[in-house]
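Student: Take a look at the letters that make up each chain.
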Amino acid sequence: MLDKNIDDIIKYITNLNGNSTDIVNRIITIKKKRICYIYLESVSSDDKISDFFMKYISNNICNKIMLNNLFNELKNTIPNSHITTCNTYDEVFYKLASGYTCIFVDNETKAIAIETRTTLDRGVSEATSEAIVRGPKDSFTENHQKNLGLIRKRIKDPNLFFKDLTVGRRTKTKVTITYINDICNEQMIKKIEKQLNEIDIDGILDSGYIREFLTKGEKTTFPRLISSERPDLACISLLEGKAVLLVENTPFCLIIPGLFIDFLHSPEDNYQKAVNINLTRILRLLSFFITILLPGLYVALTTFNQEIIPDELLISLAVQRDGVPFPTFIEMLIMIISFEILRESDIRIPNASGAAIGIVGALVLGDAAVTAGIVSPIVIIIIGLTSISGLLFTDIDFVNGLRWWRIIFLFASALLGIIGFLACLLIFITKLCSLEYDGIPYLTPLSPYYKHDDAILRKPRFKMFKRLSNLTKNHNRLGDKNET
Amino acid sequence: MKHKIIIIILMLFLVTGCWDYNELNKLAIVTGMAIDKEDDQLKVSILISNSKKNESINNEEADTVIYTGKGDSLPEALKEISLTSPKKLYLGHLSVIIVSDVLAKEGLSNISDYLLREPETIKSFYMILSKDTKAHDILSILSPLEDFPSQTIYKNITTSSDSTGLSLAVPYTDFIIDMLATGKNSILPSIVANKNISDDDKDIKSSSLKISNIGVFKNDKLVGYLSNKASRGVSILKKSVNQMSLEVSCNGGKVVTNIKSLNSKLKIKKDKKNIDINVTGTAYLKNASCNLDLNDTNNINKLERKIEDSLKMMILNSISETKKLKSDVLGYGELMYKYNYEYFNKVKNSWDDKIYPTINSNVNVNIKLISNGSIDKTIKEVISEK
Amino acid sequence: MKNKFELFEINSIIYFIMRASFIGIIINNIVDIAKNDSYLCPILGTIIGIIIVILYVKIANIDKDKNINENILAIFGNNVGKFIIILLSLFMMSLGVILTYNIINFIISEYLYLTPNYAIMAVLIVPIIYLLKGGIKVIGRVSIILFFTTFILYILSIFGLFGQMDFDKLLPFMANGINPIIKGTLIYTAYTVLPIFLITIIPKGSIKNYGDYDKKVIKYYLLLSMIQVISEIILITVLGPDLATLYKYPSYHMLSKITIGGFIKRIESLLAIQWIICIYFMLVFINYYIIDSLKHVFNVKSSKYLNYVIPIIMLIIGNSIFKNNASSLTFEIDFYPYLLFVFLLIIPLIIYLFSLKKKTR
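Residue numbers (the numbering used here), protein chains in the order written: chain A, 1 to 484; chain B, 1 to 386; chain C, 1 to 361.
Treat the hints loosely; a few may be bogus.
Said to hold, decoys possible - Just some of the chain C residues that point at chain A, by a computed CB distance under 7 angstroms:
hint	residue
1	V142
2	I145
3	R266
Said to hold, decoys possible - Have a look at the derived ranges for each label pair, beta carbon to beta carbon:
hint	chain 1	residue 1	chain 2	residue 2	range
4	A	G439	C	F83	47 to 53 angstroms
5	A	K273	C	K215	38 to 44 angstroms
6	C	L90	A	S129	38 to 44 angstroms
7	C	F83	B	K79	53 to 59 angstroms
8	A	G384	C	L90	54 to 60 angstroms
Don't read these hints as lab results, they were simulated from the structure. None of these values were measured; they are calculated from a predicted model. Cβ atoms here follow ideal geometry from the backbone N, Cα and C, with glycine treated the same way.
Bound-form chain A, shown alone (with noise of 0.2 angstroms):
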């Protein structure tokens, strides 16, 4: 309950903050009786305060009526979109620090919230870590009402819920969980919820926080949640039945649940002619089992089972690899470390030196290496082709959780050679079966088997009438017309 006398609150709300500097408070004096407005200039347009409220309470200051019952009238007819009433202290600084103006009158125990935010972030832009060649190229930013916006003028079906949440003690972050009802699975819809509501965190800044809370059961490296900055992608995922989890502050929103088909395809495949696009995705399954498995089958094959390899190629590597003191795997080790220091170094550099490490890195891992004896030249190939198809995917949590497997496959084929990566290979695959979210196992549709229309190979547009059957009961795309 907020306190009568209008000198106390303002003496409360800036105790409260420790007599911070971007507090704004003005007291109106109306024949006695007295309005005040407290405002964060750090998060509040001035312009607005005064287009609105200052010129509405200068043209009716001498009207009769407002003045008798001052605090209904005001809440009546501000010329403002939005307006609402706070009751306690908590929600007063809330608004407040949500860019909102608190207006106070004397003698009344709640107080006028009006919408005055400012635009702190940079407008809709190009998505800067996926780019496309072909295709919407909008992005989600910071602000979150852009966000649904952009999501909203894509989808104009009123079973487009939006829900909204709020988490963290401290930031009070708003995260909104958008999805169609008649498709998506009003189970997983509940199970979110309860989810984000058991989070007790101090702080939310970015979605990143929230995945790890959503995703808490089961221990891999592989993501079980898209994350993508772009709206379409969002979109496309909401009309096949998935959940979007839109996060106040961050242009990276979470699409849940993500299968490991998502992580092959990128949106723009769906933009291009379906014939073209399925040899671009032979291309990505083929480069995840490179990315995987060539080290340790190099590993393997060079040092357990040298007869596959043809007679003049190994003659060729026996002879390039005098002089070479470490075993074979240990090269191989150094190598996927020095490339690993290089991607990340070559993301934290700023764009004026860039070209130097650029140079330096490629000396380093190339001729050097090997005239210094350190490596053979066979294997700066191989650990350039790996690295260069891990980069091929758009997601980067997939690319980072692939690097783990990587190491482990060639641990194990430098033990045991072909065997040592058989039994890596279906341990791999174990893993890969095991996970599942809400029931929906993660390598649907290819472990349980269902023929979907878009699983590795795209069927063209015109044929694709059924959506993943797991996911969702509503099968048909086209909802009443039997199309089977």
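Chain A is already provided as a structure; the job is to place chains B and C on it using the hints.
Tutor: Frame of chain A; chains B and C shown alone:
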């Protein structure tokens, strides 16, 4: 916690050293082997392909080295070699084994056992006999045309068996299959060196290796060689000729043709005394040094008849020579066993000596002359018309 | 729980059960016994096996929501039922021991010559335990992916060998009489068809569209038997009966004749992985059967410790039970098929007849 225990236990295996782990530069890759008989023991020489790069030779190829060792059996000889070689012997890429014919005449069964039993060896290497020379000498002849000189002999065999039909490349599994089959005996090609080389002359000689006639076995002992023509006949009947060149005479000169797609079928008759051999093929004209009108169908027919007769002579030659050597390499006995096994089981023991020489063969050859090459007339014909 | 399985997973499981004994036991011994007529053994064995598979399907139909152990307890009561369950699970343990011996022998003869047995054992234990921890759900999903992998490797091997088939090697027809063929058929049926009894561990009601269960199981069985028959025919026509009896693992050496494009020559190490995967999966399934039986006998709810103990016991026994190859051969050929017939044919018959009696009461 449990995962950690398992991982730690697995790591312990890394510490103790891996048993089958072989680095590539610690292996001596053996690509050729030569087996001789010396003082009642086997003398084995092996050709290693990946010694260090020799900088005195201009082209950056790997130099090759030969090691020798003696022993009563093959693994014992190899054990003695491993005492001298600094690297571990790796037999996985063995591509050629040369056996001296002195050893082959005594029987090859005691070296066959090790070669089949050792899991590391590839079982499809080629085996050759070395005729009238020591196997060790043949191994030490190098050729400058190859990137890896150890591949000389291997490529020599495969290309010559494809193109001349004189000899055929016998992989070891085929040799063993024929040796073990009922009613059949095996054959091996042979190789000679046509220059004299002394023991310490390791310089590069140009093309001093030559593929020679086929050697015929009985069970596992070498009984003799076939003549030139007979070797070609046997190659045709074994369907391993890709193309061969044949010359026939025409009025005033010779015509050389290239025969391709030779296919032969053997069929046994009900009276168990006759076997039908049908050979079909296509011929391409290569060289015509006589005055012949190539647009006349009669001439073409006559040419085809001559070619067919020549092939027929080769095949009859090969059959009669194997009959003289009393060894059935063409598989007549196998045919008898397949279609008439009761009769064959009765005469199994005396097949090679008594019954095989009495079987008649009816040879039927059918050749079509398909193409004349780029020119339509013979040069001599054009000149004589001038 | 309902709806955990797809019918296609049953297909994959049957495939692995049928192929598990292929490399170590069946190929070598049938070719030794029946020489060039050994392609008749799978054909005859399939025809005899249809009746046996129908019997197993009828057992699975006794009660849709219970698996075989619960069915036995329901039919025979507690004491006798537990005794029968222990008998069956001990027998399955012996089958697992034989397969373990075979896989370790195969790996040592063809892949890693110098590695001691216990190292291979330690490396094989980890995937087995890891798969058992996931439960029957994960076993089903893994089986589909492994089925695709082995099937692709199988098709590759067939295509590489197609051009080298020589049908003359199948003659002479029935040169040694009919006795060897009958013995070969006996061994084939005992090791290939009888272990299909293991699929009764999955209750019929937990498969998604179980209405087609009966017909589809028989259809899958017939289709997969064709694969065995084709393998056998290709072995004889490519290698010939003499060489096949000479080698210890003739299928492995048959694969070494595959050449692709002239430069990829010796990929038999990679292609032989299909058989190792088959034996691995069969071992996992046998372990699951034993653990489920023990859970019902001792009334234990969770199988956390059993998951670790049973595979380790099986692998240790399998490692050290046979002194050398010769004694294992006589045991596997002359003695064990009869045991298989007793335990996996007569006992299920008894179970089925008692269940009929109980229903008519």
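Student: Next step is simple, just say for each hint if it's right about the structure.
Tutor: Verification of the hints:
The restraint placing V142(C) at the interface with chain A holds, with a minimum CB-CB distance near 5 angstroms, inside the 7 angstroms limit. The criterion of a C-beta within 7 angstroms of any C-beta in chain A is met by I145(C), whose closest approach is roughly 6 angstroms, and the hint holds. Proximity of R266(C) to chain A holds as hinted, the smallest CB-CB distance being about 5 angstroms (cut-off 7 angstroms). For the pair G439(A) and F83(C), the supplied restraint of 47 to 53 angstroms is violated, since their beta-carbon distance comes to about 38 angstroms.
A C-beta distance of roughly 41 angstroms is found between K273(A) and K215(C), which places it inside the suggested range of 38 to 44 angstroms. Taking 38 to 44 angstroms as the suggested C-beta distance range, the pair L90(C) and S129(A) does not conform, at roughly 60 angstroms. Separated by about 58 angstroms at the C-beta atoms, F83(C) and K79(B) satisfy the suggested range of 53 to 59 angstroms. For the pair G384(A) and L90(C), the beta carbons lie near 55 angstroms from each other, so the given range of 54 to 60 angstroms is met.
Consistency note: the structure conflicts with the earlier hints numbered 4, 6.
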